[in-house]
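2 protein chains.
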Amino acid sequence: MRYNRITPEIAASLSEIVGENFVIYNDPERLEPYSHDEIPEKKYAAMPEAVVRPRTADEISRIMKLANEFRFPVTPRGAGSGLSGGAVPIHGGIVLHCDRMNEILELDKENMMLTVEPGVVANDINEFLKPHGLFYAGYPMSMETCYIGGNVAENAGGGKAVKYGVTGRYVLGLETVMPNGDIVWFGGKLIKDVTGYNMIQLMTGSEGTLGIFSKIVLKLIPLPRYQVDLLCLFKSSQEAINIVPRIITGTGIIPTGIEFMDRTACREACEYLNESIPYQDSGAMVIITVDGASRENVESEYETLGEMCMENGAIEVYVADNVTTSERIWKVRRNIGEAYNVISRRQSGEDIVVPPAAMAQMVEKLSQLAQNFGVMIPCFGHAGDGNLHARIVSDPKWSDEKWHQVLPEILERLYKLTSELGGSISGEHGIGHKRKNYMPMFVSDEYLNILKSIKKSLDPNFILNPGKIFDSL
Amino acid sequence: MRYNRITPEIAASLSEIVGENFVIYNDPERLEPYSHDEIPEKKYAAMPEAVVRPRTADEISRIMKLANEFRFPVTPRGAGSGLSGGAVPIHGGIVLHCDRMNEILELDKENMMLTVEPGVVANDINEFLKPHGLFYAGYPMSMETCYIGGNVAENAGGGKAVKYGVTGRYVLGLETVMPNGDIVWFGGKLIKDVTGYNMIQLMTGSEGTLGIFSKIVLKLIPLPRYQVDLLCLFKSSQEAINIVPRIITGTGIIPTGIEFMDRTACREACEYLNESIPYQDSGAMVIITVDGASRENVESEYETLGEMCMENGAIEVYVADNVTTSERIWKVRRNIGEAYNVISRRQSGEDIVVPPAAMAQMVEKLSQLAQNFGVMIPCFGHAGDGNLHARIVSDPKWSDEKWHQVLPEILERLYKLTSELGGSISGEHGIGHKRKNYMPMFVSDEYLNILKSIKKSLDPNFILNPGKIFDSL
Numbered sequence: 001m002r003y004n005r006i007t008p009e010i011a012a013s014l015s016e017i018v019g020e021n022f023v024i025y026n027d028p029e030r031l032e033p034y035s036h037d038e039i040p041e042k043k044y045a046a047m048p049e050a051v052v053r054p055r056t057a058d059e060i061s062r063i064m065k066l067a068n069e070f071r072f073p074v075t076p077r078g079a080g081s082g083l084s085g086g087a088v089p090i091h092g093g094i095v096l097h098c099d100r101m102n103e104i105l106e107l108d109k110e111n112m113m114l115t116v117e118p119g120v121v122a123n124d125i126n127e128f129l130k131p132h133g134l135f136y137a138g139y140p141m142s143m144e145t146c147y148i149g150g151n152v153a154e155n156a157g158g159g160k161a162v163k164y165g166v167t168g169r170y171v172l173g174l175e176t177v178m179p180n181g182d183i184v185w186f187g188g189k190l191i192k193d194v195t196g197y198n199m200i201q202l203m204t205g206s207e208g209t210l211g212i213f214s215k216i217v218l219k220l221i222p223l224p225r226y227q228v229d230l231l232c233l234f235k236s237s238q239e240a241i242n243i244v245p246r247i248i249t250g251t252g253i254i255p256t257g258i259e260f261m262d263r264t265a266c267r268e269a270c271e272y273l274n275e276s277i278p279y280q281d282s283g284a285m286v287i288i289t290v291d292g293a294s295r296e297n298v299e300s301e302y303e304t305l306g307e308m309c310m311e312n313g314a315i316e317v318y319v320a321d322n323v324t325t326s327e328r329i330w331k332v333r334r335n336i337g338e339a340y341n342v343i344s345r346r347q348s349g350e351d352i353v354v355p356p357a358a359m360a361q362m363v364e365k366l367s368q369l370a371q372n373f374g375v376m377i378p379c380f381g382h383a384g385d386g387n388l389h390a391r392i393v394s395d396p397k398w399s400d401e402k403w404h405q406v407l408p409e410i411l412e413r414l415y416k417l418t419s420e421l422g423g424s425i426s427g428e429h430g431i432g433h434k435r436k437n438y439m440p441m442f443v444s445d446e447y448l449n450i451l452k453s454i455k456k457s458l459d460p461n462f463i464l465n466p467g468k469i470f471d472s473l
Numbered sequence: 001m002r003y004n005r006i007t008p009e010i011a012a013s014l015s016e017i018v019g020e021n022f023v024i025y026n027d028p029e030r031l032e033p034y035s036h037d038e039i040p041e042k043k044y045a046a047m048p049e050a051v052v053r054p055r056t057a058d059e060i061s062r063i064m065k066l067a068n069e070f071r072f073p074v075t076p077r078g079a080g081s082g083l084s085g086g087a088v089p090i091h092g093g094i095v096l097h098c099d100r101m102n103e104i105l106e107l108d109k110e111n112m113m114l115t116v117e118p119g120v121v122a123n124d125i126n127e128f129l130k131p132h133g134l135f136y137a138g139y140p141m142s143m144e145t146c147y148i149g150g151n152v153a154e155n156a157g158g159g160k161a162v163k164y165g166v167t168g169r170y171v172l173g174l175e176t177v178m179p180n181g182d183i184v185w186f187g188g189k190l191i192k193d194v195t196g197y198n199m200i201q202l203m204t205g206s207e208g209t210l211g212i213f214s215k216i217v218l219k220l221i222p223l224p225r226y227q228v229d230l231l232c233l234f235k236s237s238q239e240a241i242n243i244v245p246r247i248i249t250g251t252g253i254i255p256t257g258i259e260f261m262d263r264t265a266c267r268e269a270c271e272y273l274n275e276s277i278p279y280q281d282s283g284a285m286v287i288i289t290v291d292g293a294s295r296e297n298v299e300s301e302y303e304t305l306g307e308m309c310m311e312n313g314a315i316e317v318y319v320a321d322n323v324t325t326s327e328r329i330w331k332v333r334r335n336i337g338e339a340y341n342v343i344s345r346r347q348s349g350e351d352i353v354v355p356p357a358a359m360a361q362m363v364e365k366l367s368q369l370a371q372n373f374g375v376m377i378p379c380f381g382h383a384g385d386g387n388l389h390a391r392i393v394s395d396p397k398w399s400d401e402k403w404h405q406v407l408p409e410i411l412e413r414l415y416k417l418t419s420e421l422g423g424s425i426s427g428e429h430g431i432g433h434k435r436k437n438y439m440p441m442f443v444s445d446e447y448l449n450i451l452k453s454i455k456k457s458l459d460p461n462f463i464l465n466p467g468k469i470f471d472s473l
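If you read the sequences in order, they're chains A and B. First residue of the first sequence? That's 1 in my numbering, and the numbers climb one at a time after it. First residue of the second sequence? That's 1 in my numbering, and the numbers climb one at a time after it.
It should be emphasised that the hints constitute simulated quantities derived from the structure, not laboratory data. Each hint should be verified, as a subset may be incorrect.
All copies of an identical chain are treated as equivalent in the list; a pair is satisfied when it fits inside any one copy or across any two copies.
[Said to hold, decoys possible] Cut-off 20 Å, straight-line C-alpha distance, at most; resulting in silico cross-link-like pairs (SDA-like, lysine to any residue):
| id | residue 1 | residue 2 |
| --- | --- | --- |
| 1 | LYS416 | MET376 |
| 2 | LYS163 | SER419 |
| 3 | LYS130 | GLY252 |
| 4 | LYS456 | ALA57 |
| 5 | LYS163 | SER367 |
| 6 | LYS130 | ARG225 |
| 7 | LYS163 | LYS219 |
| 8 | LYS109 | ARG246 |
| 9 | LYS109 | ASN242 |
| 10 | LYS416 | ARG345 |
| 11 | LYS109 | LEU421 |
| 12 | LYS456 | ILE104 |
| 13 | LYS109 | ALA360 |
| 14 | LYS163 | VAL121 |
| 15 | LYS365 | ASN21 |
| 16 | LYS436 | LEU407 |
| 17 | LYS109 | LYS163 |
| 18 | LYS416 | ASN461 |
| 19 | LYS130 | GLU32 |
| 20 | LYS452 | SER419 |
| 21 | LYS42 | ASN449 |
| 22 | LYS402 | GLY92 |
| 23 | LYS416 | ARG267 |
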């Protein structure tokens, strides 16, 4: 697939559509921030030829029509907090930045639904909802910065998914600009709807390759009035991870979230934050969150869960039943990634997912892998979902050459182990272009051909975010 | 699109694939049961030319390849309990019946997952799971007869969807025979997975037009140890339905299900069953179900909910806290359809869905509609989801001619009212061929073109269940 360059004439047409203040062109310094997402490695970056910041669906529609006419690629971008290179314009063309489409459009309290534009920051949604006693239960770890549009595009997971599921569960309606410029509504203010194919869930997680969202209708739930986090310390990663599949089967309780951090991940985050949660005597920890509408129910649930952990080898279970203590624990959990960025920029943040009961084996294999290759693989993630953020971090003494030589071997090995356990390549970060070459280790050619057929049927010119998930044809 | 007839040669090839005992051909009497689903009206029926009952994915694959070679349509069929004509072979060809693929293949207790074949009866799944303390939370009203494969194909809803969601939430893996005969796995034993497009949710609810499922991996939950149903009587339909959107917003509790029955629906079902639940003094009733892992939590929740109903105009709230009483109530709810089949076969069972807060208006409009046209429209359904099974029943004194003349007018009017309230044409029964002509009242041409593009990309010869959801091209 060959694309045309963004000429001054095309740039002028783009300015005509969105206003010249909202086009960046011929300005490398201002274009540079749009060349990468949160992957620290330079090799996944690529410069856009222009950045365009539309305000309306109609403007996006006109941009898509122009792109089809002149055959240049369009790469949509939210907050750029992704971890798979999804917002990186690897074939050049324009980055379509949704930052100006950032209004909360309507709170419908009676229906418990919220309509937002894609550029609203995820956390702002819940700050807005709190006084109304309502809650949006999508909860990615980057919620302080990420946009809801990106959450939908990636079908973001997060720390509350065991009980509440991932982003897709809360998307009821999508006004979408299709690759050909058509503006189409999928769904609406409906809790259930089987009118036609489930386009909402096809679009959710399509990584910006099938459409650009201009309005999103979210399902809300009552704000859980009580929440408690249990910080459960175990002697070893094995003992900690072993408890995870037993939590639900053993108690009948479905907690809000079950997170895992090994000791090194926790230590680095604590040092980075100058925080002191009591990890020193433990080899790994599990955070179990419980929430609900009644204090008594939450109490009885966390007591059952805490006892269950103590009976299964926990050294100690700390109860964080107030916002301050909870926030201290979660801040550590959320900042593990940042902490390792300080140690070495040479790293590869993986997002593997395995059947929950295979996690103990996976953690053991990751530890052997780290030893064998002489790297660090701190391990943390959404253990309740089988989703482990194994982060391969270079020995700081290594040269760039050595790192780039060894990393592909490690990844190949890591993915092979994951695949052997029935796992998959990404639980929530997406494929983007970072992982696309490894897709054949997990899915069949027939599977990939199906994805490509769907892409081609909706975007025959491969205009929208080409080269993501699979190579453009 | 023109199809070829099933010749004796093709029938012989089919026999070669599945064995001659499992092909029905040239035998109108044995073919007739496959000409319809549970829609009582004859006009939605169509005879198959042959019925084929494969045992394996490989056999289905060979059938699909044969169908593409000789261009005959294949209509997959589960238990035939559908209500949209989805399993009716309107272009002739063969019905592919999944009844022999009826094994529960594997219970994976540690991962809380179950792998089944498509022909397993939904209720048998839960009977099988009960001794293990596990539960499959998809719960269609026809669960005593319907097949899980059909549930997935239609993305079936049911009576527990308010808390547990619909079928799709529990589908983790699908071995699927694609229209071209490829056998492809989507997903697996993974709670979260964003590897490629969300093919599982595209396939779920695709009404047998995009693929035939040969293995299904279901997510299980702990069997809720305690369950209570509240039967809440109200003076009028309006008062009953008014409470529905307030149940969750007012208490912060998300009940398992919130069902609605108006007085006439309840009375007919009671008479049909010779049952006597205390509906006499009321105009409508709401069934609120609460379940959970602890008796105390369930009790505190149903007390809060019961008080809430009493404060909002309920005449009486009966508590059904044992299986026998619960089953009496639910049997009434499940048999409303059957009861009306006795009154008149001239009826049209609709499945509209509206935003929950618009239900009171919808119920009022349905009542006016019934009066205006001189028909009965008993109203019942999954009120917590905004899903109303408005069933248009002919005055028994009408002639067939009159009914067929008036029904399209009623439907047109009914759908217009639904659309005006932001509703949609089907909450859980699907479009099939019964509702496809009304799709343009709810969705745009662009929307329909997207569905058709996807269909064409995966089934270029329009072999698989053609003429459902939209006309074959």
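task = If any of the earlier hints don't hold here, list their numbers in rising order.
result = Numbers 2, 4, 5, 10, 12, 14, 15, 18, 19, 20, 21, 22, 23 - these are the hints that the structure violates, sorted from lowest upward.
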